[in-house]
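Dock chain L against the given chain R, drawing on the hints supplied.
Order-wise, the sequence lines are chains R and L.
Each residue of the first sequence is one higher than the last, beginning at 1 in the numbering used here.
Each residue of the second sequence is one higher than the last, beginning at 1 in the numbering used here.
One should not assume that every hint holds.
Stated by the list, open to error - Under 10 Å between C-beta atoms, here's a sample of chain L residues computed to sit facing chain R:
hint: 1; residue: 12
hint: 2; residue: 15
hint: 3; residue: 19
hint: 4; residue: 94
hint: 5; residue: 113
As the list claims (entries may be wrong) - Between beta-carbon pairs, the in silico distance windows are:
hint: 6; chain 1: R; residue 1: 504; chain 2: L; residue 2: 114; range: 32 to 38 Å
hint: 7; chain 1: L; residue 1: 73; chain 2: R; residue 2: 504; range: 25 to 31 Å
hint: 8; chain 1: R; residue 1: 504; chain 2: L; residue 2: 118; range: 23 to 29 Å
hint: 9; chain 1: L; residue 1: 73; chain 2: R; residue 2: 666; range: 44 to 50 Å
hint: 10; chain 1: R; residue 1: 596; chain 2: L; residue 2: 118; range: 41 to 47 Å
hint: 11; chain 1: L; residue 1: 123; chain 2: R; residue 2: 505; range: 54 to 60 Å
hint: 12; chain 1: R; residue 1: 640; chain 2: L; residue 2: 90; range: 39 to 45 Å
hint: 13; chain 1: R; residue 1: 705; chain 2: L; residue 2: 114; range: 48 to 54 Å
Keep in mind the hints are simulated off the structure, nothing from the lab.
Since the model is a prediction, treat every value here as computed from it, not as a measurement.
Note that the Cβ used here is the ideal one computed from N, Cα and C, for glycine as well.
Chain by chain, the residues run as shown.
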Amino acid sequence: MKHFYLLVILIFSIEVQGQKQRKFTPLDSIPTYGYTLSNHWKWHAGDNPLWAKHDFNDSLWEKLQVAESIEEFPELREAEIAWFRRPIQVTQNLVNQPLSISVKQMGASEIYLDGNLIHKLGVVSKNPEREQTDVNTTALPIVLSDTNKHILAVRYSFTKENFYYPGTNSETFHLRIHNAKDIGEFLEDQTNRTAGFYYFFTGIFLLFAILHFSFYASNKTRKVSLSLGLTMLALTLAFFLRSLESYQQEISSKELYGLLSVITTYSGVFLINVSLYQYLNQKFGVIFYIQAFLVTGSMFSYIFNLNLPWSIDSWLPFLLLFIDFIRVSILADRRKDSNAKVPIYSLLVVACCAILAIIVLFIEGSTGNGTGSIILNFGIVLIIIMFFSIPIGLSLSLVREYTRTHQALTKKLIEVEKLSAENLAHEQEKQQILAAQNEILEKQVAERTGELARSLEELKATQTQLIQSEKLASLGELTAGIAHEIQNPLNFVNNFSELSKELIEELEEERSKDKAKRDESLEEELLGDIAQNLEKINHHGKRASSIVKGMLEHSRASTGKKEPTDVNALAEEYLRLAYHGIRAKDKSFNADFKANLDASVLKVPLITQDFGRVLLNLINNAFYAVKDMQGKGLVVVSTRKSDNEIEIRVSDNGTGIPEHIKAKIFQPFFTTKPTGQGTGLGLSLAYDIITKGHGGTLEVETKEREGTTFIIKLPYL
Amino acid sequence: MKILVVDDEEDVRTLFQQRFRREIRAGEFDFAFSGSGEEALTYLEGQDSEAVLILSDINMPGMSGLELLKQIRTTSPTAPPIIMMITAYGDEESHSQALKLGANDFLTKPLDFGELKQKLISSI
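Extracted from the complex, chain R is given alone in its bound form (with noise of 0.2 Å):
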C-alpha cells in the first residue's frame, strides 16, 4: 500500500520536479489535466486584508513551496494564520477564456484576485472554533480579461486544534489551473481513480475476508484461514477507510480515517506474513518476531514522517517481507510441503508486475501526459497486483487446497465405503462362521441335554426304585405282622363259620324232635348266637379284607389323591401291623405299645397311602428304638385336635438320638442300621411327604436315653 502511494508520489514528483526550474513565464496554453501553480508562491505569517492588494509589495517574503504536507511547513503551523501571494498572467490565447481551478489543501482558505475575494474554502479563521477546513476538491471559475500580471493572494488558516498525522501527504495547499471544458474529466478521473479502486478492492478483499472466516467456521483446527481472514479483512478496511477520508470535509476526521488506514494497511502486510508462516507450517521464530518488530518499526517511522537516511523504513522491512516469503516457502518445499511453491509463484506475479509497472510508470513519467492517462491507471493496477497477490494467490491457493481436500475426501469416501463394503463382507464372513459354530455348540449342547436327559431319567428310575425298594422294606417288615393279622381274622371266619353249621345241625336237631320235646329257649339260643356268628364272620372278613388293601394300598405308587382319612383308625391299625411285623422277625422282641387317640378327631383328607407309610415308618423307628429293652419299652401313638391343626405323636421311650445325628435324619440315604437293613430314605420320605405333600410339619423331639417323639403337624382346614 504504501508502495502504491510511494509511487503514486513519485509520479507527481516527476512532473513537479520537470516545473521548477522554468521562470515565470505567462500561461499560453493548458493541458487537459490542468497546470499546476506550484512555483513563484510568497508567504508571510499573520492576517492583514492588505496583502490581498495588488500593489503590495511582497519583495521581503519568503518563498514558498506550497503542495507538501503541513508537517513540512513548520512556520505556517506555528503562525496557524498567513498569507500567500503569486503572480499569474495569461497570453492572448487564454483572456477572457473561461478557466477553472481546482484546490487541494488542509487548512481554510480565502482566494483572492488582485485584492477582490473570488473564492472562500471553509471559514478562516485563528480561532479553532470559528474556523472550518475544507478539504475537498472543487472547481471554481476564474477568467483573466487582459494579460496584464495578476496577483493570485491567499488568506490561509489552519489552526492547532486542527487533527493530523506527521507522515501524512495531504498537501498544504495545492492549486491548479485547468480549461473549464476540462475541470469536469479531471475531477472525474481522481475520482474514479480513489473511490473507483477503493470500492473495488474493498468489495474484492470484503469476499476473501467472508471467503476464509467461513473456512475457518467449517474447520476450526485451519488457523490459516483465520489469518487469512484477518489480513482480508484488514485490507478491507484499508481499503474502505481510504474511501471514507476522500469523503471528509474536515480536515480533523480525513487524517483520521488515514491514519486509520495507514494502521489497517500495515496489520494486513503483517497478517499477509502470519497467514503464510501458518499456510506452510512454518514456526514463529526469531525471524518472524524481527518482521514484526521491522514492519511495526516502518510503521511508526511512516505515521511520524522519521527521515531516515535512504529511507529504509519505507523497503527494508518489506523486502525483508519478501526474501523471508522466499525463505520460507523454500523450507517448505525442502519439506516436501506441496503449497511451498503457491508464495513463490505469487511473488514471480510480483515481481513481473513490478517489472511491467516500473516500465509502465517511465514511460509515464517520460511521456509526461498528466494523470489522467490509461497508462497510470494500469500502472496503479500493476501495482495493486503486485502488491496482493500474495495473499490472493494464498487465498487462491487456499481455495485449491480446499478442493484438492475436498477431492480427496471424496475419494476417501469410496475407499471408505469399498472397505466399509469389505468390513460388511468379513462381517457377514465372520457371523456365518458364528452361526456354523453356534450350531455346533447347539448340536452339542443338545447332545449333553439328551445325555443328563437320559442321566436324569436313569436317576428317577433309580429313585423310584429305591422308594420302591424303600416301600418293600417296609413291606417286608410288614409282612409278616400282615401274616399274623390275616390269619387271625381267617380263623375266626372259619372258626365262627364252622361253629354256625354246628349250631345250624343242632337247631335242625332239636326242631325234628317232637313238639313237647322242643326246647324253645335253646332254639333261640343257637338262633342268636348264628346270627352273632355271621356278624362275627362279616366282621373278620371286612378285617382281613381291609388290611389286604392297605397292604396294597402301600406296594402301590401313590395316586396323589387326598381322600377324607380316618387318622386315628389309620394309626391304631398302623400300631398293631408294625408291632406284629416286628415280632415276626424277631421272636424275642417284646414292647408294649399304647394308642391315646382323640376321638374328635375327625376325617381328614390326606394322601392315604403316603400318610400310612409315614406312620409305618415312625412306628417301626420306634420300636426298633426299644427293641432292646426287654418289654420295657413302650411306643405310644397320640392324636389331637387343636383350633387349626392335628397333631400326631409318635413317641417312644427308647435310646434316643444323638444331637450329632440329629440333624441328619431327614437327610435321604442317611441310616444307623446295618448295611442292607435300612434304605436310608425312610425318614427322608416321611417329611417330604408330609411337608411336600400335606403342607405340614414334621419335627422330633429327642433326649438320649430318655426317648424320642415325632410330631406330626397337619393343617386342619
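Only chain L this time, still in chain R's reference frame:
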C-alpha cells in the same frame, strides 16, 4: 374245671363259649378270659390259683404269653399245674422256649377244637 384263656383278641371269648357250649352247659368246663398277660396275672392272684389250666396266646402286646408263662412258673411254681401255649407262628424256637419255660403243651393256630377238647379232658 376252671380254664383261663389269655388272648388279646376279644372274639376268642365268644369262640370258646360257643365251641364248648355243650361242655359249659353240662358244667364240664368253666372258662375265664383275660385280654393280656398282665390281666391274667391279676386274675390269677385274685382267684388264688382256682384255675387249673391256662391257655395262653404268645403274641400279645405288652407282656407276651411266654413272659406270662415265665412269671407264673417263677413266682408261683406250684400252681396251676397245666399251662398250654398257643401261637399263630408254629416256629420251633417259640415251641422249645415255651417248653423250656415250663409249658405243658404247645398248640398252633388255627386251633383244632376237637383235639383241644381231648387234651383238656385228658389233662383234667
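Tested hints:
{"no.": "1", "hint": "12", "result": "holds, 9 Å"}
{"no.": "2", "hint": "15", "result": "holds, 5 Å"}
{"no.": "3", "hint": "19", "result": "holds, 6 Å"}
{"no.": "4", "hint": "94", "result": "holds, 6 Å"}
{"no.": "5", "hint": "113", "result": "holds, 8 Å"}
{"no.": "6", "hint": "R:504 / L:114: 32 to 38 Å", "result": "violated, 18 Å"}
{"no.": "7", "hint": "L:73 / R:504: 25 to 31 Å", "result": "violated, 42 Å"}
{"no.": "8", "hint": "R:504 / L:118: 23 to 29 Å", "result": "holds, 24 Å"}
{"no.": "9", "hint": "L:73 / R:666: 44 to 50 Å", "result": "holds, 46 Å"}
{"no.": "10", "hint": "R:596 / L:118: 41 to 47 Å", "result": "holds, 44 Å"}
{"no.": "11", "hint": "L:123 / R:505: 54 to 60 Å", "result": "violated, 28 Å"}
{"no.": "12", "hint": "R:640 / L:90: 39 to 45 Å", "result": "holds, 41 Å"}
{"no.": "13", "hint": "R:705 / L:114: 48 to 54 Å", "result": "holds, 52 Å"}
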